[in-house]
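> Model the full structure from these sequences, guided by the hints.
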Amino acid sequence: MAGMRDDLVQLSRTLDPAVLGERLRAARLRAGITQAQVAGDTMSVGYVSRIESGQRRPDPDLLERMAERLGVEVEELLVGVSPDRIAGLRVQLDHAELALRTGAAPDALESVVGLLADPALASLDQLRRDASYVHAGALEVTGDLQAAILVLEDLAEGPAADLAWIDGVTALSRCYRESGELGRAIEVGNQAARRIGELGLEGLDASIRLSLTVAAAYSEQGDVEFAARLCRRAVDRAEAMASPVATAMAYWNSSIIETLRGNAAGALPMTRQALAVLERSEDARNVARLRSQLGIHLMRVDPPEAAEALTVLLRAADELALTDAGPADLADNRLAQARARFLLGDVDTAREQATETAASTRGTAPLVAAESSVLLGQIAIHAGAPGPALAHFHEAVLLLSGVGADRAAAQVWFELGGLLEGAGDPGGALDAYRRAAAATGLVRSPGRRTADL
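Its first residue numbered 39, the sequence shown is counted upward by one per residue in the numbering used here.
Keep in mind the hints are simulated off the structure, nothing from the lab.
No false leads were slipped in.
For each label pair, taking beta carbons as the anchor points, the in silico distance ranges come out as:
no.	residue 1	residue 2	range
1	Pro341	Glu394	24 to 34 Å
2	Glu225	Pro157	30 to 40 Å
3	Gly304	Gly465	33 to 43 Å
Each residue gets a CB set at the ideal place from its N, CA and C atoms; glycine is no exception.
In structure tokens form, the structure reads like this:
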């Protein structure tokens, strides 16, 4: 055996002999040579015939000699695709991945869909798996969360539990959360965490990102204290690993939890610290997302620093446009801009941006749509229009209740109670307050982008 790679040796022993025989026969016919010429002085013509008909499996050494006489690479006989062809397919995938990372998601989607349709990928398991992850990412970024979930669910069922798999289940949990399936987001994340623990992979940055993604789903569902404990554990693990990026991610999520607890002043320095670390990395997407979060925190402090927040948010919007940020990231930034403009007195622009965000996310990202409706209700109150305000608040409650975000719904019910009381409807106000009390506590409507990848 003249240096056949170990993976090819293994494949030569497991590949269906009928498949291998057909490829040998096709290669011989393309070469225009006879079975006798293939046999030479190493085997009989009858043995070559039995190999081609799938009745015999040549050993690796003999297969190499046959490949040499046929003028093909042994890899082409075993895989069904020439090395040059495989290299070309890999280049196509690299181009799709680059397009996704640089904000050209539609181009990436078109390219990877064409790649996955290539019959050659049927025998290239690893390349097909890599392309499927890019496919899922492009679907998520272009806003087709349900299609992305279908691809990621299939990938999550795969036997491999490597770095790509961990990133894939993290994306799956994130897509579930963005689409309002909070229970599924938590379930799939916890299942993956158990498998990671069994394999001893907790020390990877990717594993910390997964735990932070699950924490985000818990916080959206209203279990803020448990989410805080998950973030605290993630911080401890990241610091023990001496991983600056993982530590920044953990502090990012912890800052969001502090905001949910009403400690915006404490969250702000944590956000700035995390951003300073991430800015030294090559993670342009999360730098932009965290900058958006900084803008949101600037509006949560007392008094709100709306002018600085708007400047930060506009810069983040420019950065997001150049990355693979998804529609939810862009919508969060746009909604935060609307909040800043409302605080600065630019009510018309705030209303326009909030209305656009609510319309674009109602069917795909209900949590963002609910926050948009709340802001529209607040704008209507400011404009002295209690009727439209009531409608906006009710829309927010329906969206939040529909995805199990009970604490956020409770806050909206509480605000609605105050509106009804001020409008002279004590009965309606009492009902709203009771509904708020029935939920699991009160929190502010959060700026939600978390440090999951």
